[in-house]
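*Asks:* Take a look at the letters that make up each chain.
Number of protein chains: 2
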Amino acid sequence: MAARKEGECCEDLRRERAKCSFNKEELTYLMDGGKDKTLHRRKIEDIFLADPEFLDPIRPEYMSHEERYNNELRKACHMIRKFNENEDMQQLVGEMEGIRSLMGSGLGVALTKDGNPLALHFVMFLPAILGQGTVEQQGYWMSRAWTGEIIGTYAQTELGHGTFLRGLETTATYDSNTQEFIIHSPTITATKWWPGGLGKTVNYAVVMAQLYTQGKCHGVHPFIVQIRDEETHQSMPGVTVGEIGPRLGMNTNDNGFLRFNQYRIPHTNMLMKHSQVLKDGTYVKPANDKLSYGTMVFVRVAICFDAYRQLQRAVTIATRYSAVRHQSELVPGEPEPQILEYQTQQYKLLPQIATVYGIMFAANDVWNTYNEVTGNISEGNLAYLPELHALSCGLKALSSTDATNGVDVCRLACGGHGYLATSNLPRIYTTTTAAITYEGENTVMWLQVARYLIKSYHDAQKGHRLQQSVSYLTTQSASAHATADLSNTALVAAYKQAVSVMVSNAAAHLQDHISKGAVFEKAWNSCSVYLVKCAQAHARYYTCEKFVDGVNRAELSEGTRTVLLRLCRLYLIYHITINQGDFLRSGALTGGDISSLEKEMADILAALRPDAVSLVDSFDIHDRVLDSSLGSWDGNVYQRLYNEALKSPMNQTDVPQGYYKYLRPLMKANL
Amino acid sequence: MAARKEGECCEDLRRERAKCSFNKEELTYLMDGGKDKTLHRRKIEDIFLADPEFLDPIRPEYMSHEERYNNELRKACHMIRKFNENEDMQQLVGEMEGIRSLMGSGLGVALTKDGNPLALHFVMFLPAILGQGTVEQQGYWMSRAWTGEIIGTYAQTELGHGTFLRGLETTATYDSNTQEFIIHSPTITATKWWPGGLGKTVNYAVVMAQLYTQGKCHGVHPFIVQIRDEETHQSMPGVTVGEIGPRLGMNTNDNGFLRFNQYRIPHTNMLMKHSQVLKDGTYVKPANDKLSYGTMVFVRVAICFDAYRQLQRAVTIATRYSAVRHQSELVPGEPEPQILEYQTQQYKLLPQIATVYGIMFAANDVWNTYNEVTGNISEGNLAYLPELHALSCGLKALSSTDATNGVDVCRLACGGHGYLATSNLPRIYTTTTAAITYEGENTVMWLQVARYLIKSYHDAQKGHRLQQSVSYLTTQSASAHATADLSNTALVAAYKQAVSVMVSNAAAHLQDHISKGAVFEKAWNSCSVYLVKCAQAHARYYTCEKFVDGVNRAELSEGTRTVLLRLCRLYLIYHITINQGDFLRSGALTGGDISSLEKEMADILAALRPDAVSLVDSFDIHDRVLDSSLGSWDGNVYQRLYNEALKSPMNQTDVPQGYYKYLRPLMKANL
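Residue numbers (full-length UniProt numbering), protein chains in the order written: chain A, 1 to 671; chain B, 1 to 671.
Since the hints were made in silico from the structure, they are not lab data.
Possibly wrong hints are sitting among the right ones.
Heads up, the list lumps identical chains together, so a pair's fine if it works in one copy or across two of them.
[What the hints assert, rightly or not] Straight-line Cα separation of at most 20 Å, EDC-like style, residue types lysine to aspartate or glutamate; simulated pairs:
| id | residue 1 | residue 2 |
| --- | --- | --- |
| 1 | 462 | 439 |
| 2 | 647 | 67 |
| 3 | 279 | 136 |
| 4 | 522 | 600 |
Only a predicted model underlies this, so the values are computations on that prediction, with no experimental measurement involved.
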């Protein structure tokens with residue numbers, strides 16, 4: 001593709017690319033997981049991006065809310081048809097896993113832009129049936145859903161209830177006389193709220209509701225509920241459904257609301273792989289109620305991958321722009337330098353490139369562990385689940401926060417132009433930040449991690465053996481830091497020592513509150529700001545360690561390893577300088593150490609500067625996926641900004657309608 | 001107004017308001033600048049908000065780009081007509097200053113929502129003529145502009161040139177034969193880009209261009225340039241003008257681009273209050289070229305005021321919502337608590353309330369000093385200008401960053417609902433963050449502050465007397481911190497000591513680079529990340545000091561002073577804990593001190609908790625100005641969210657058009 005060819009770029013970028021000190025393709029393969037996967041990805045991208053059906057007539061931002069929805073629905077339907085009608089395509093994309101990952105991938109984002117009304121059908125509805133339905137249920141529903149004969153979504157969150165699952169109010173009451181469940185929304189806060197595609201698109205939903213049978217509540221269970229008539233698409237009697245209106249971002253999806261008024265569904269529509277309600281109303285408990293942990297780990301690690309991909313896009317745009325943009329003076333009288341020459345600009349961008357790799361190595365590690373132990377889980381070996389759960393919570397929160405902040409830094413690093421929709425940075429920001437809230441709000445995630453840390457700390461006090469990721473908690477009385485050793489190993493050890501002391505302090509604070517008479521939960525709340533900091537420090541340590549391990553283990557040529565080691569080093573130092581108090585107070589590092597590291601960081605920024613553009617090139621993001629006037633491969637920034645502006649519908653006429661209607665009467669009023 | 005009356009609210013908020021420990025009105029008066037001003041503001045708000053012409057038919061987010069523009073133009077024109085046609089109104093709003101401040105005020109934002117095509121006419125065009133035109137020019141242009149007979153904007157920034165004024169490329173070449181200036185855009189990067197109202201609305205603009213006369217360039221000067229025909233509103237021959245397209249926010253304004261092709265304007269259109277070009281082409285220099293500093297100070301302090309008003313809105317919304325929202329468990333078995341009970345939530349919101357006051361006191365201080373010395377400036381006493389300039393740069397950067405981050409924290413503190421447009425938090429965020437970039441990009445601002453700090457440091461070394469805000473730089477070898485004194489005075493002293501040591505370190509780093517052979521500018525760049533940190537620490541110290549002074553000086557009853565002192569204390573401690581490394585490394589505080597402060601902070605959060613809702617009530621923001629389903633006075637959150645969703649145009653029909661066009665063919669394809 002043109003977007004990846006050398007030589008077709010502006011002089012500034014040509015010169016940057018000539019300076020590259022490493023093998024770009026090696027890093028691309030590393031991120032994709034191998035050369036085969038890179039080539040495969042490029043092939044699929046080329047096929048889909050060549051299809052003119054995926055082009056927008058104008059940018060969605062110019063359209064009305066409803067036009068935006070229609071335009072995305074058109075493209076989403078085309079994507080599925082293209083996939084269903086073409087066996088080669090199915091083989092290429094790779095069956096089930098394929099269309100799902102296509103929907104959520106960078107390519108999917110490029111095709112359907114800002115939220116896709118059919119995404120949750122593949123990403124949540126089908127997996128819910130597969131994960132929670134019996135074999136018969138899978139057979140019946142999957143065959144209908146797979147072809148698109150029915151379209152579904154997943155409805156859990158309610159207007160008044162988010163993260164706290166037990167608080168959900170929607171009820172499913174079994175009536176053994178008719179062998180039906182009665183789905184009901186008893187209050188306004190019970191209204192289902194948020195599910196993608198729910199407003200206008202889907203005719204079915206997996207609805208999470210409090211199960212009542214034989215007069216007793218058994219907690220939240222999944223039910224397949226028909227929302228709209230299969231012939232007319234009209235909402236069913238007893239069902240009130242609609243869309244929830246505009247949002248900060250993802251406005252091309254019809255996120256919806258849903259209310260039930262004593263709405264009856266057949267007994268067979270409860271998904272019964274785990275729990276069951278027999279026809280007479282008897283409730284049968286699941287064999288193992290920890291199994292749902294697995295899905296959460298899966299979803300949260302997927303969010304980490306998505307987070308670093310968003311950050312890749314943002315930092316690619318900002319870095320290329322910073323090599324093309326010239327501004328101010330470094331030395332009076334000399335021409336305006338590329339803004340990438342400024343240390344402050346390097347400090348904004350290069351740590352983001354490092355963060356991409358940090359998240360990648362840490363998330364890969366959890367992903368691999370998850371896949372290794374999944375076998376064990378089904379065999380009933382649940383020992384790893386608490387650790388995996390804590391790690392996935394911590395990395396979900398860390399990666400969504402870091403990516404959001406990083407995207408924002410990138411946007412601001414592009415000055416005013418970063419505020420323009422055609423830079424694509426606004427859309428990347430509004431999409432990335434949503435992950436802070438969904439699938440487990442980050443503060444809740446941090447407190448889950450903290451709970452695991454405190455529990456592990458007490459286990460260690462009792463002499464129990466700890467799991468690998470928290471084993472440092474057993475060695476908190478570690479020997480003092482050996483001055484002058486600031487190697488990567490020593491810095492990772494410093495991270496461990498800092499968290500270890502913090503966790504120990506947190507445990508002491510908790511004990512203090514309890515000994516003064518507070519119940520545990522109140523004591524916990526009184527320490528929770530500090531507990532969140534412990535959890536953040538733990539996730540950071542873990543990411544640092546996996547970054548160092550990952551670089552050491554990767555098969556790379558010497559030049560490529562050198563540049564990756566520099567990024568790793570930058571990551572370690574960057575976060576020490578930001579959280580220096582933790583290192584000083586724990587005795588992990590001295591003020592002198594930190595001064596040395598600050599100076600080293602300045603040197604690393606300068607050393608990485610010549611490779612900056614090549615580093616983002618190696619992310620190998622197609623121009624159509626970047627979708628940015630500032631970030632395209634050729635660096636033709638100003639002409640693109642101008643050309644994009646000319647496309648505005650308002651620029652198709654010289655004098656706007658509003659002039660005749662409003663402005664002229666005002667301007668001529670006094671003449 | 002109903003929005004301010006007691007008693008008409010939900011039970012949660014009623015209970016919160018009953019707990020109030022202070023006099024709300026006192027704080028309202030303090031922020032408005034006196035009781036008279038509060039009453040006056042309320043009166044104007046009541047009049048304008050009662051006018052149905054300012055209502056939107058539907059939320060702007062549902063409209064197309066052009067519909068949004070037309071809708072805002074309608075309201076903006078109505079606002080001016082209402083003002084021009086009504087003498088009582090003119091007296092009430094208060095002449096010139098009135099309509100300007102109305103346009104930019106909270107009320108203005110409530111009326112015209114998300115950027116106003118006529119705002120720059122009042123906020124930039126008229127002031128530019130007043131500030132830079134001769135008496136004759138003022139007479140001619142003001143009379144035409146004041147009535148709306150002509151509408152203007154201010155065009156400085158170019159596609160390729162922002163903060164660095166000397167880099168502007170647009171030229172104004174004087175032709176003494178015809179006594180005209182030839183305005184020209186020599187390159188694509190010379191295209192004027194960004195001015196509000198420029199795209200479709202204005203027919204005139206003050207254009208900043210490089211002045212050439214008698215073969216010599218004299219730098220950037222202002223020219224009044226006609227953009228569109230006064231009769232037809234068509235763009236003039238030689239002028240290419242249009243709008244720049246959608247943005248992250250402020251999408252109801254027609255920000256525009258502008259290019260000139262050898263476009264001639266009369267000699268009289270150069271604004272000549274300061275510099276002049278005589279008819280024969282002779283250039284006459286301004287008597288004093290520092291005078292433009294004054295306008296910049298004015299604009300940047302105005303941004304501080306705007307920043308804290310935006311933060312007020314966001315924290316009002318998030319705090320009220322946090323008192324209404326119930327979630328999870330604090331103690332198992334008990335009902336779900338208000339989320340405001342969680343320490344982590346208090347830690348998100350209460351520092352934002354403190355920040356509002358911190359910015360207010362610091363900005364007021366600079367504002368007052370500015371007004372005091374403006375007299376001196378016109379008398380030629382420029383001694384205070386460098387200090388005022390540095391302070392206004394620092395506070396502009398600090399307040400826009402703090403407000404943006406604070407607004408984002410507030411949005412995220414509302415979970416998913418904060419992502420909804422009807423929460424109004426998205427719009428508050430996208431508006432607030434723009435101030436990080438405009439009127440002096442923040443990194444550039446910080447480096448200006450750093451330049452002043454380093455210069456002052458060297459002045460001190462030479463034994464010169466320093467200005468008040470940097471006088472602490474003379475006392476860097478201050479006696480070590482007296483343990484156990486953690487009074488406000490001691491903490492402000494600690495702030496000073498920390499910055500002092502940092503500035504001294506920065507100076508040493510600079511010297512180090514220079515003695516190794518670097519020219520000053522390169523040395524400066526090599527230290528600039530650290531220099532930015534010095535500047536940030538200085539602005540923070542200054543804000544802390546003015547916060548403490550401001551609370552001490554305000555005339556308040558005891559209860560009100562107590563709550564304000566708590567906020568002040570929270571502010572001092574909060575920023576110490578975030579930047580603890582600076583305090584530890586400078587010896588300003590010990591690890592033990594910081595531990596004590598951390599514990600105290602937990603106590604302050606708990607102490608402020610019962611007053612949280614009353615504190616945001618005292619900001620006295622009308623429901624229509626808040627414009628939020630989550631933040632309204634009555635706390636009827638869920639019903640409002642639901643009702644707002646029902647208004648979506650897509651919810652006016654059950655089955656969407658897109659179903660017949662795209663979805664049905666897909667769903668029925670295999671049947």
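*Asks:* Now, for every hint given, state plainly whether the structure supports it.
*Replies:* So, going through the hints one by one against the coordinates:
With identical chains, the CA atoms of residue 462 and residue 439 are never at most 20 Å apart, being 34 Å at best within one copy and 60 Å at best between copies. In this homomeric assembly, residue 647 and residue 67 come within 20 Å of each other (Cα to Cα) both inside a single copy, at 17 Å, and across copies, at 17 Å. For a Cα distance limit of 20 Å, the shortest separation of residue 279 from residue 136 inside one copy, 16 Å, qualifies, whereas the shortest one across copies, 93 Å, does not. Proximity of residue 522 to residue 600 under the C-alpha cut-off of 20 Å is restricted to the inter-copy arrangement: shortest distance 17 Å between copies versus 44 Å within a copy.
Hint compliance for this structure: hint 1 alone is broken.
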